[in-house]
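A.B. asks: Got chain A; can you put chains B and C on it based on the hints?
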Amino acid sequence: MGNVAQGFRDYFCRPKNTNIRISLPAVCFVWQTAMIILFGVFIRYDEESDTHWVEHRREANITSDLENDFYFRYPSFQDVHVMIFVGFGFLMTFLKRYSFGAVGFNFLVAAFGIQWALLMQGWFHSLDPETGKIYIGVESLINADFCVAGCLIAYGAVLGKVSPVQLLVLTLFGVTLFAVEEYIILDLIHARDAGGSMVIHTFGGYYGLAISWVLYRPNLHQSKRLNGSVYHSDVFAMIGTLFLWMFWPSFNSAITDHGDGQHRAAINTYLALASTVLTTYAISSLSAKRGKLDMVHIQNATLAGGVAMGTAAEFMIQPYGSLIVGFCCGILSTLGYLVLSPFMERVLKIQDTCGVHNLHAMPGVIGGVVGAITAAAATVDVYGKEGLINTFDFEGDFVNRTVGSQGGHQAAGLCVSIVFGIGGGALVGTILRFPIWGDPEDDNCYDDEVYWELPEDEESIPPILEYNNHMVTKNPDMSESNFSVEQS
Amino acid sequence: MGNVAQGFRDYFCRPKNTNIRISLPAVCFVWQTAMIILFGVFIRYDEESDTHWVEHRREANITSDLENDFYFRYPSFQDVHVMIFVGFGFLMTFLKRYSFGAVGFNFLVAAFGIQWALLMQGWFHSLDPETGKIYIGVESLINADFCVAGCLIAYGAVLGKVSPVQLLVLTLFGVTLFAVEEYIILDLIHARDAGGSMVIHTFGGYYGLAISWVLYRPNLHQSKRLNGSVYHSDVFAMIGTLFLWMFWPSFNSAITDHGDGQHRAAINTYLALASTVLTTYAISSLSAKRGKLDMVHIQNATLAGGVAMGTAAEFMIQPYGSLIVGFCCGILSTLGYLVLSPFMERVLKIQDTCGVHNLHAMPGVIGGVVGAITAAAATVDVYGKEGLINTFDFEGDFVNRTVGSQGGHQAAGLCVSIVFGIGGGALVGTILRFPIWGDPEDDNCYDDEVYWELPEDEESIPPILEYNNHMVTKNPDMSESNFSVEQS
Amino acid sequence: MGNVAQGFRDYFCRPKNTNIRISLPAVCFVWQTAMIILFGVFIRYDEESDTHWVEHRREANITSDLENDFYFRYPSFQDVHVMIFVGFGFLMTFLKRYSFGAVGFNFLVAAFGIQWALLMQGWFHSLDPETGKIYIGVESLINADFCVAGCLIAYGAVLGKVSPVQLLVLTLFGVTLFAVEEYIILDLIHARDAGGSMVIHTFGGYYGLAISWVLYRPNLHQSKRLNGSVYHSDVFAMIGTLFLWMFWPSFNSAITDHGDGQHRAAINTYLALASTVLTTYAISSLSAKRGKLDMVHIQNATLAGGVAMGTAAEFMIQPYGSLIVGFCCGILSTLGYLVLSPFMERVLKIQDTCGVHNLHAMPGVIGGVVGAITAAAATVDVYGKEGLINTFDFEGDFVNRTVGSQGGHQAAGLCVSIVFGIGGGALVGTILRFPIWGDPEDDNCYDDEVYWELPEDEESIPPILEYNNHMVTKNPDMSESNFSVEQS
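Each protein sequence line maps, in turn, to chains A, B and C. Numbering (the UniProt record's numbering) for the first sequence: 1 to 488. Numbering (the UniProt record's numbering) for the second sequence: 1 to 488. Numbering (the UniProt record's numbering) for the third sequence: 1 to 488.
Next comes chain A alone, as it looks inside the complex (with noise of 0.2 Å):
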């Protein structure tokens, strides 16, 4: 049967055309042209960004600029952009000649997905229903890059397989997914998730998932050889790495509420990830020859701590309770590069190239459940009375909502995510097989050199080596004659 897939691939599919040069740029401009048009019509500054701010302000008796909600949200918002263009950019840089595919695609994607997030993001919270517009300021920048984050989750799973037009596909019905799933899980279901595990990484992972199980390429091992890491590009993606593992605080508390909320989400995602840390190197030691460290589990598994308090950050699950949940998540993450990732790609037929699965989608889950487990254990006790209702935002329609329904709905809140990932990664991954997206050959995989112009191949040629090149290079048939001689 493998053979008769092959066949109808080897049909359906070639040859392969790898040229990007008019579907690149029309996908770039007709798009870009939509968003203008679509922002001229819909978005506008809200009441806080715009020149009345300062008439609003007194309106409101507010006695400051600094109530401006910019200096609540702007030292986190930057965190967070880092955490998108620089960490998700560099920590895919590992593999020896797909640097620039990381970076440079990871950059097209954010920046794409960013303002498609602004209007879907929009229509679905803050429209406004009198006047038809979508009112933004830095949360809604906030909220953006979270949005594109689930898309660049995504990537990970498909990296080096697929064409930057393929990744703009996956990334403009990405983000109309997560819209989606966003305003069920948040508005309807009225789930908690600051900082995402549900919404942002299980959604992301699964949907990575899906697309790479649709895309399955059996002959993947004919570009093994690019298909790792070397030295220096090991030391790029660990910038990836800390620039994640050290806003990550940044990112479960840049949008909760002003005061303890952002302090407290803080706190808890930076133990639990000095915590996922230790557990990391132990099991990645334990589980070599003479107890040698992985750099894949320390590029990615340290960050599962931060994925698993995404959603119980912002309660109160007490310091020690989150360095349980990292203690834990370095393990698992770790167990499932080493474990799971084979696995899948053996028997389940996925191929991931991040290892998305240990890393988002899996400490995803971890974090829906722990948040779950979180709320339906909260008291009046722990919590306040207002403490209680402030946290949960038991107000409006959800006055009456009771700590332990509140549970049932975190994990109700859990399966919208993970259904919306598979089934949208399925249907988006039939999308990417047409023949027409300009992804490479099976044994083109993981190579720059398909979609970038590159530099001169040596880094730096030694005198000697100079000499020989110099030698070879004048007179390559002497060169040649050099070793037959020999031989003879």
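These aren't lab readings, by the way, just hints derived from the structure by calculation. Incorrect hints may have been included.
The list treats identical chains as one, so a pair stands whether inside a single copy or across any two.
What the hints assert, rightly or not - The calculated lysine-lysine pairs, modelled on DSS-like cross-linking and capped at a C-alpha distance of 30 Å, are:
| # | residue 1 | residue 2 |
| --- | --- | --- |
| 1 | K16 | K349 |
| 2 | K133 | K349 |
| 3 | K292 | K16 |
| 4 | K133 | K385 |
C.D. replies: Coordinates of chains B and C only, in the frame set by chain A:
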């Protein structure tokens, strides 16, 4: 005539001595000593960074320490600081053997320039006539960083072709010119330019181009082997690109009005930059055989939208307006790299290593024009009465200025920045032609070897090559004979 | 005697077993479990990160959520966080084959240490005697990062020569000693040291040097081939340098007084660092044949001014005072690398891989002295009456202290930090000599191979070399004969 000029150059300049052992330390010590003396005479803490703040606060009925400008501006300051030192520094590391010079001289120039900028800007903008002192706070630090940015832009045009001593001279004059043109544009003409499209980018760009024009090297092709990137140097450069891109919203909002001013400037810049990325990728792909992307465009043209929003970011240009500006800048800047840069080098004899014309000068001019148009088109309807006054600072001597007049003054400001850039650059370039500054030969440009102790050359020696090297090193004669024997 | 010692070492330590497969996971798991238990018993959210904040706020008549300490300190915290993980981590990547160890063990040590620091500093500084709990907030996180900085400095002295298990032991004791000396210096002696010239840099520096002295390796020259940089490892190290340099103003102002305290500390540090850069470049150039700059100096000595402002940054040292401190530190630190480090290695038998003596210990001592002098020279005239009390915290038990007395106490604090550093280091070094920790052989230092699974070695193989390799790999015998034939 070229030959005569070359002959003159040969006579006048040869043999070039790149030994900076006396000149560099002498300049550094003399200059730093002068700085200490001048700071001792002129510079003091302002009322918000002085221990008398607590009394000042009480007297001024300020309710909270948070009203200290530190909390409004420090996060933005740190983002700007990162742009100056990591952003500009790493952006220039793309050359295969000039990364030390790129990051290292950028570091030296910036540290040198910010001190002089504090003095120059202080004398022009905030000298207290009573006490004869300059009082500095966090906004002064941001302005000093801004001022240095102009010189770092100019460095981009002459990257690899000048000595560090020349760079210090360039900076000394550059900061001085900057402070004067800034005073004329912002204070006398009363143009608005919070993100410095005109005062920073247009000035800095033309300043560097004019210097490069005067320092034209007809035989620069002799260094052609080093005028290009290698794989990892391009990845390093992306660190610079991304930190500039991510923090540009902070750059353009760092010194705008508290409250809505900072908020709006950040949003506009964020949007313009996102839009620029898409059109840059589009044009880059469209211009290449098989649609392959060029790292030079991605590293540079993606930033043009930030430059072009430097003036209008704080205005009510509307989100879609920002997108339009970014859209155009991505196209024009990329086309600049494709078409204009070769033209300028061949016809105008301007060698622009980093393409600062496409990244700074041209987008800066666009930014100035966009600012003038946006200002002229401002209405009370859109801004509100108070908003209009606040945004354009129609107070004091300028209380009667109309928005139409403001538009004209904005355009006048743009002209001043161009004149100062070209005129100042021609002057300083002439000074830099004196054969005393230790600049490299035409066949020795773009090479860290000239000014840096370099480590061993090889990145990593694979086992078998190590063996070869070992052999050859031990018996160099044998090695030679090896080849000669084979040839016979 | 050297021979005897060597014999003793040979007998006692050989054969060294660098297998850490049991020891590293064991330490990590035991330790992390202990942390969870101790956090469960002791650590809770403080009133600003607890959900009761909303009630607390109302009771305390706090008008805005912004008064939550989070908004005063979180941006600075994130800057410090970047310094700890990216700054220290990448600064140590300069070695050609120890980048994984530099960044990776830095990461492990810091994540391990911050948890223990929260406990140790909590017990000494903020244990509530009634509840027996430690209440943590954002300032606790900053202090934990600070505490870990001391151990990371010590790591710099032994970089490449110790196992990760030894590093964890070093950190365990280091954090403990830090908390005690900090308690003595800040609480009992009541010295001021917000940026930690004494408690962080002097202690950390001497702690590391003393450990390195006890662990002296007479045959370390056997690893000489790896004790140096390559081109790109120096560029990576500049990432560390620049992030440390840029964010040092945040480091020194992170826990100073709200308002003018933070503001002034940032300004002073900014200025001192700028000044340091110029004198570092000057001395580096002056000391080399043809004035060529040395990356070791640029990477390290440029930071000395930040270290030396750690104590006095919050005082009214005046802008020119900061410049003078930076001026001297750049000179002394660079001379340290040129003169002192070789002397220390040859005569004092202290092998200091990163030169922490020149970057931390010596500038730390200078900082302590500058702090003592600046404190002793303080006057009501300059500080204002309230300002003096606020700055030196002359309250409670210390209400009657004079500035002269304060200067003496500052000096006493400096002595305590030196004594703790040297004494503690000697003790811990002795513990680390036990032959159970898995440290490498003398001929195997500075090598990631020992503790890391390394990727394939070659960076990139130019086509022609690939051909050579190919030939040789396929017919190794032929290759050998190749050479032998030629020799005959």
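A.B. asks: Each hint: holds or not?
C.D. replies: For each hint, the structure was consulted:
1. K16 / K349: Answer is within: at 22 Å inside a copy they meet the 30 Å cutoff, but 44 Å across does not.
2. K133 / K349: neither (45 Å within a copy, 51 Å between copies)
3. K292 / K16: For K292 and K16, the Cα distance is within 30 Å only across copies (16 Å; inside one copy 41 Å).
4. K133 / K385: Close across copies (23 Å), not inside one copy (36 Å); limit 30 Å.
In this structure, only the earlier hint numbered 2 is contradicted, and the remaining ones agree with it.
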